[in-house]
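Colleague: First to last, the protein sequences are chains E and G.
The numbering used here puts the first residue of the first sequence at 1, with every later residue one more than the last.
The numbering used here puts the first residue of the second sequence at 1001, with every later residue one more than the last.
No lab work stands behind these hints: they were computed from the structure.
Among these hints, one or two may not hold up.
Simulated restraints on C-beta separations [claimed, not checked]:
1) L1197/G <-> P239/E: 54 to 64 Å
2) V52/E <-> T1199/G: 53 to 63 Å
3) T1199/G <-> Y152/E: 30 to 40 Å
4) V1061/G <-> P239/E: 31 to 41 Å
5) V52/E <-> P1193/G: 51 to 61 Å
6) A341/E <-> I1189/G: 33 to 43 Å
7) E1164/G <-> P157/E: 51 to 61 Å
Note that beta-carbon positions come from the ideal geometry of N, C-alpha and C, so glycine has one too.
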Amino acid sequence: MTSKNEAPAAPFYGRTGKYRWVLAEWMMSTDHKRIGVMYLMAVISFFSVGVVLGFMIRLSLLDPGWLMDQQTYNEFFTLHGVIQIFLFIIPGIPVAFGNIFLPILLGAQDVAFPRINRLSWWLYVTGALVILLSLFMHGRPPDTGWTFYAPYSIQTPANISTAVLGVFILGFSSILTGLNFVTTIHRMRAPGMRWFRMPAFPWTLYATGWVQMLATPILAITLLFIVLGRFFGIGFFDPSRGGDPILYEHLFWMYSHPAVYIMVLPAMGIISEIVPVFSRRALFGYAAICLSALGIAIVGYAVWGHHMFTSGMSDTARVIFSFVTFLVAVPSGVKIFNWVATLYKGSISLDAPLVFALSFIFLFSIGGLTGLIIGSLAPNLHLHGTYFIVGHFHYVMFGGAGFSILAGLHYWFPKITGRMYSEKRAKLGWLSLFVGFNVLYFSMFVLGYQGMPRRYFDYPPEYHLNHVISTVGSWFLAAGLIVIFANLIQSAFRGEKAPMNPWGGKTLEWTIPSPPGAENFREMPVIREGAYNYEEEAVR
Amino acid sequence: MNSERIDPQGKKMGMWFFLFTEILFFGGMFLLYAIFRSLYSREFHAAAAEENLLLGTINTVILLTSSLTIALSISALRRGENLLSSRLQAATILMGLAFLVIKFFEWKAKIVLGIYPDSPVLLRLGKGEILFFGLYYMMTGLHGLHVLVGCAVIAFMVFFTRRETINRGNYARLENTGLYWHFVDIVWIYLYPLFYLIT
């Protein structure tokens, strides 16, 4: 790119002097990078709270009753789910990495609507505070599980309305982010940045943005039905008033299944950025990877019924939903094979980001393949509502989206903070995390297959051994996370200065200083080629 | 390079996206309506007879006219007639408020009769009637909320138009407001037959 961009600029996180307090300066900022960094800190904080809750659930299962009673246990798994899903993983990648890097990857100065971006950040904070309020208000915290299934969510005395209101507000934040990103991608691309010259990460954010816009309103209206049911007795889910609780499940999963793709599509985008950089090869099947993101987003709308095979549905509907579920595996498989093909004959440097990315491919494959087992009708009848499901979605959510956040965090850490982390400690943390993860969640597959139901407080003695193994795995997982984050936090302050392009990346963020200046590019970049032209370099 | 590049087309695009989300938001309710009506079509018929067709029709006329005035206010602004434009916007607000007042009296008449969610009178009726009035209050209520928000937004537009913050060269905000107002109107065009005309 132009040499002008290499001149040092004031980093984006310096004081602007507009406000007296640093906090006000950040909260009032419309700079996409600042908003992204704040989001990043927030989602990681909620992630750690969620991890602690999950860790305590595992501890309690070591010997049910020694740590908490049944009611507390129900509240713990509900909060674990609500926090990890609604506060960490659904907003997760788009709001943090999307905000920081989407405009840079497109060669833009900011998103299309910077003030709406700030509004969605405020809404996120508000929603999070309202959810936290439901814990400390008079009465008990929510105990319905993160799905808020009717009729229990309408009848329980717990603070459901507050929690649901919080999720409703978060939904607004999510919609506005999606809207903003899709418009940004349509309108803000740098000259010469054609659709098929865009890196893969913006492509996945584009697909994600559409899902956020078109699925989240359904969740909003469904949550509103819960609140109206609780306050005004409008019984859309109450059979005694003509309603139907299964209708709730339909409406809920119409949002929440596409939401799975809100979580995992941008994760795939991060992996698609990392794999070419560390194998020094162009992204194999670039167009297929980009288009399969759209394919997943579209097909993902028509599979929600597979969450409800045992709830009561016609056989025809079940067969169709099962079949379409299998179809989703096709674009996902396209991505997996293309990543592996990118690695093939590449000049691989096994740095921490790639290690996390490879773990993503491995864990996500396990999660995806077990998804096919429970997506087919006959095994589903046996496995529905067991630990097998818990194992499956932790492999997809944590092994998939969670690991890709860690991958992205290591990949972009030098760009965001301007400093390098300790490679050795990152890999040490990864090792403990990876081993712990598999011990923790793989034993859940076994438990589920043996028949252990999810969300149960207690279990018969024959499940004890696997529960102990699983809990021991959670200790390694937690230790790994501690090492990883201790390394990153320490390096953010004490690490050595990072160069502009530590990994030899080809995308636009590596053409500007680390950390970037306030308006990203000194001079508008002009794009003349695709995002991953490593082959030319090799030929030279 | 200049950092403030106004992109009216991008703004309009964002508004259309927002309207998509609104359509889906109401879509969830229309879906419920479709399901419950197919289950209890006869009771929905009977319940719709309780609605005040006259007031509903007047409201439809008012809202359609208000869509006309907001559209005219945009073309007035395009011609640079800020004063005329702001008056047309004010007329739109007045009609929106008139709509809400009429809606209020409709609700009140029903509540006096004891027909409101969870009321003893309603619970004695059939399941279809309970659902019909549940949907009626929910859908017209949320629609009314949208009308109210629309009035507030147009009030800001009147203010901007008078101060010439929006003018013939920069009217994307008013156009987006118009889009929103037409959306509110369209939702009502569907609500009207579904609640008043199915007798």
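Colleague: Each hint: holds or not?
Modeller: A quick look at each hint next to the structure:
1. L1197/G <-> P239/E: 54 to 64 Å: violated, 29 Å
2. V52/E <-> T1199/G: 53 to 63 Å: holds, 59 Å
3. T1199/G <-> Y152/E: 30 to 40 Å: holds, 38 Å
4. V1061/G <-> P239/E: 31 to 41 Å: With Cβ atoms ~40 Å apart, the hint holds.
5. V52/E <-> P1193/G: 51 to 61 Å: holds, 54 Å
6. A341/E <-> I1189/G: 33 to 43 Å: violated, 53 Å
7. E1164/G <-> P157/E: 51 to 61 Å: Check passed, 56 Å falls within 51 to 61 Å.
The structure fails hints 1 and 6 (numbered hints given earlier, in ascending order).
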